[in-house]
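Engineer: Sequence:
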Amino acid sequence: MRKLKQRVGQVGLGSIGRIYARHLVDAADDVQVFDLDRTRVEAAERDGATGAASARDLAAASEVVVVSLPNPPAVESAFLGTDGILAGAEPGTVVLDLSTVSPDTSRRMHAAAAERGVGYLDAPVSGGAPMNGGVEGAAARTITFMVGGDADAYARAEPVMAALGTVRFHIGPSGSGSAIKLISNLLSGVYALATAEAFALGAAVGLSPERLVEVFQQTDAKSYFMTDYLVPRLLRGDLDPGFSVALQLKDHRLAAELGHEHRVPLFLNQQAIQLYELMVAQGRADRDVTDALPFFAEQAGRPLPASSS
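Residues 129 to 437 (the working numbering) are what the sequence shown spells out, left to right.
Read the hints as simulated data drawn from the structure, not as lab findings.
A quick note: this is a predicted structure, and the numbers were derived from the prediction, not measured.
Heads up, none of these hints are tricks.
Computed beta-carbon distance windows for the label pairs:
| id | residue 1 | residue 2 | range |
| --- | --- | --- | --- |
| 1 | A242 | D154 | 30 to 36 Å |
| 2 | A428 | T167 | 38 to 44 Å |
| 3 | G334 | P393 | 36 to 42 Å |
| 4 | R244 | R339 | 57 to 63 Å |
Heads up, the beta-carbon is just placed ideally off N, CA and C, and yes, glycines get one too.
Assemble the whole structure, with the sequences as input and the hints as a guide.
Structural biologist: So, in structure tokens, the structure goes:
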């Protein structure tokens with residue numbers, strides 16, 4: 129991999145952000161990192177990054193700042209706080225925000241950045257290959273970028289995106305990347321619940337997930353989410369978060385806001401919100417969305433039949 133010539137910073141070192149930081153260390157000679165959790169910073173330092181005292185200090189030392197945070201309030205705090213990114217970024221800096229937030233949040237961050245001569249891109253990501261949702265996609269560098277923002281900022285950030293993933297789309301102006309990501313996650317979240325409901329019914333008549341997916345591969349029920357992400361994780365008993373129930377619920381709520389803004393009724397999205405809320409209430413917030421399968425089976429009082437593999 130060709131070394132990046134830019135000085136790069138990474139704000140946010142959660143389960144996925146720390147993976148991005150490792151890739152950046154591999155790709156660049158100068159990588160600064162910051163997280164409110166000091167233990168995460170120390171872990172990244174062991175991987176070869178340089179810890180910064182604040183997002184402000186990190187931005188002052190970086191030409192491209194990568195942001196990976198869990199929700200709109202965290203993004204706003206990291207950008208607009210007295211020790212935030214925009215307090216330290218020099219004109220010409222580009223911020224590549226990989227967080228999944230509302231389009232309105234993205235547009236406000238873009239406007240605040242523009243006042244300081246800083247480029248801002250809303251660039252949420254999604255897994256871009258079978259079995260590569262969430263954590264797996266970040267680790268395998270198969271993520272797809274959906275980017276909103278100015279063309280010149282996009283061009284300057286392209287080398288960094290190439291170090292982290294394989295596919296990128298410049299969707300349009302600020303906020304458009306965030307909008308398409310919410311629509312994408314609306315679909316994937318509904319797919320998960322529809323699959324879980326079908327497999328619960330299958331369990332009731334004695335059919336294993338393995339048998340169902342074997343047949344569905346050859347019918348109109350086939351979907352990438354079912355065959356390549358959800359069912360394989362279930363069969364190998366891997367429900368550690370690639371994408372957690374809590375994050376899925378957050379994205380459905382953001383999609384609901386977007387639908388309300390544009391007066392589009394999202395009936396299935398509202399049903400998804402209620403079901404994911406019930407999963408959270410039952411202590412499943414930190415589980416992978418594949419946990420919808422045993423959840424639905426439990427609601428029916430019919431545990432999933434064991435796989436024959």
